[in-house]
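Protein chains in written order, with the working numbering: chain A, 0 to 348; chain E, 0 to 348.
Read the hints as simulated data drawn from the structure, not as lab findings.
Below are the DSSO-like pairs computed for lysine-lysine, each with C-alpha atoms no more than 27 Å apart in a straight line:
1) Lys57(E) <-> Lys322(E)
2) Lys260(A) <-> Lys329(E)
3) Lys187(E) <-> Lys260(E)
4) Lys56(E) <-> Lys21(E)
5) Lys302(A) <-> Lys326(A)
6) Lys340(E) <-> Lys302(A)
7) Lys82(A) <-> Lys96(A)
8) Lys340(E) <-> Lys340(A)
9) Lys340(A) <-> Lys295(E)
10) Lys184(A) <-> Lys322(E)
11) Lys184(E) <-> Lys82(A)
12) Lys295(A) <-> Lys340(E)
13) Lys302(A) <-> Lys302(E)
14) Lys340(A) <-> Lys302(E)
Protein chains: 2
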Amino acid sequence: VKILNIGSIAFDSIKTPFGQAKKTLGGSATYFSLAASFFAQPAIVAVVGEDFNNAHKKVFQNRKVDLSGLEHKKGESFFWSGKYNFDLNTRKTLKLKLNVFADFQPKLLPHHCQSQYVFLGNIHPKLQMQVLKQIKQPRLVGLDTVDFWIERNLGDLKQVLKLVDVFVINDSEARELSREYNLVKAAKKILGMMSATPSLSPSPLSASGRGKTLIIKQGEHGLLMFYKASSLLLSPSEGRVPECIRGGERLNKKFNESNLKIFNLPGYPLETVFDPTGAGDSFAGGFMGYLASADKLDEHHLKRACVYGSVVASFCVEDFGTKRLEKLTKQEIQNRFAEFKRLTHFEIE
Amino acid sequence: VKILNIGSIAFDSIKTPFGQAKKTLGGSATYFSLAASFFAQPAIVAVVGEDFNNAHKKVFQNRKVDLSGLEHKKGESFFWSGKYNFDLNTRKTLKLKLNVFADFQPKLLPHHCQSQYVFLGNIHPKLQMQVLKQIKQPRLVGLDTVDFWIERNLGDLKQVLKLVDVFVINDSEARELSREYNLVKAAKKILGMMSATPSLSPSPLSASGRGKTLIIKQGEHGLLMFYKASSLLLSPSEGRVPECIRGGERLNKKFNESNLKIFNLPGYPLETVFDPTGAGDSFAGGFMGYLASADKLDEHHLKRACVYGSVVASFCVEDFGTKRLEKLTKQEIQNRFAEFKRLTHFEIE
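Same shape as in the complex, but just chain A (with noise of 0.2 Å):
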């Protein structure tokens, strides 16, 4: 296994001036393994109620997702109903039923914990340090929050950051976050917390000790990647050598700001939007399917998995629920990718 995402499975009753779905595949760790399974091989751990159904199930492995890590129990799945306004960008939830995701507690087989890319799906903090724990060797980690999480527990949250190396979240959670409204100064102070004096006994978690990556999602504004430079230098064949190791007095230091850089790719500007849910996740699906693919980290790397995973998101949103993604192609994203690249192109003379 390559990827292991934990997350959500649910099913959503969706509203948006376009029509509308009722009760239709989704949660985190569908958007995302769908999205990540055109890149390589995801495995997901989640649970799900009597409700999911072998056409369900048919949904993940025609995409040949890992289901080994799937939980049934009695009772029905994590239920989302949501109204998305006018503009898309924003949403009310009608209804949410957390049914067997309640008490979720992820369990993890022997070959999840061998797992080199690990996507931490918006859970409680406490489970993804779980999780994060028992994983042996991880070559990249990524995590996602959301607000409830930020005003809840912000105490473990704060510890989870500080293992990761990738940190994806959205505008208005990275300014709640930050307290900053500001992007630039609201990532300066996230990559602070994310490269906090790490334990003085290196272990295989500091691992992440490496480079500090945080993505701000900006809806259909695109993103902002925030990395130091230095970090990503790093060739790959160096290998997960923590960084108190090989050079540790600067993580020891407060984040140097000097060497921050950015990356900004504008949103795909698509002419029917018909349903965000999951843009999110398949945006982590397609950045760490196609990091866990190319196995290199560096800032290239880095950059054109930002651009594939808008691409795949940008797919997400042109059908209700999972149906675009579900017939997706290869060459569709390819042909996607390089119109991004046109799109945002220019020659310095």
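Fit chain E to the given chain A structure using the hints.
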């Protein structure tokens, strides 16, 4: 004179969350001409009152702006006072006094009528048309407008739209003009308005029949430029032959969607934005200034013009009023242009 700009010179009192400025030099022609002056010599046609003194004049003279078209009138100059909200994207007009600007009738001198690059700032569409009719052989005509004219003088606006090459507008105005929320749909409709059947007798004005370009500004999120691929492949050496002579049938058809191209440039991520006033006009000035200096109108130059416009605008907002533009240097512009490339650039493989 290479660039002619018709617009306003005003005094602004500005409040932002970071401070305030009282009766500071502003207005669209001020920001436009200062921005353009880094690339080519701009001339402005505008009107001021008795409160416009030698110190204000010096600001323009220092940047070699041709003020021969500046009309001095009894009374006070256009005055605007406004307050920006915390997000700096929305603002409230507290006071607006047209004063001498109320019955502004642009008076062009003979050398103005020889201008090759013309930017019609936000004034009554009828006045924009009057000015345009006096220009002998414009090579590129740009236009700005605001919601006020869209709501009150749509017919006049549509007339002048047909005669311009580049229309620069912000996202909310594009939505209002097209009655489409989605910006790709909005752009298609507006390009359709711009490409409407020209008069049968080819006049210098239908020069604008060549390539229609629409730039939708999105504030801190950058811009979208929409253009027709084919029309821009026209090399400047082909000169300004009206399209209706060259291959007229195409023009009489509905705007052809198939060769619509898009350039998407994110905003420059700034850590300190003090005052967004003048950003749009600075963008237009940098955009037109670069094109006038390069004197090439192909796709690559239009894209670079967008970047130069964004660069100058990003400096403009770093301080109140024209302060930052007054001390800006060409080297700073070049450096940030290069940064923009690093910020947005990615390799296909």
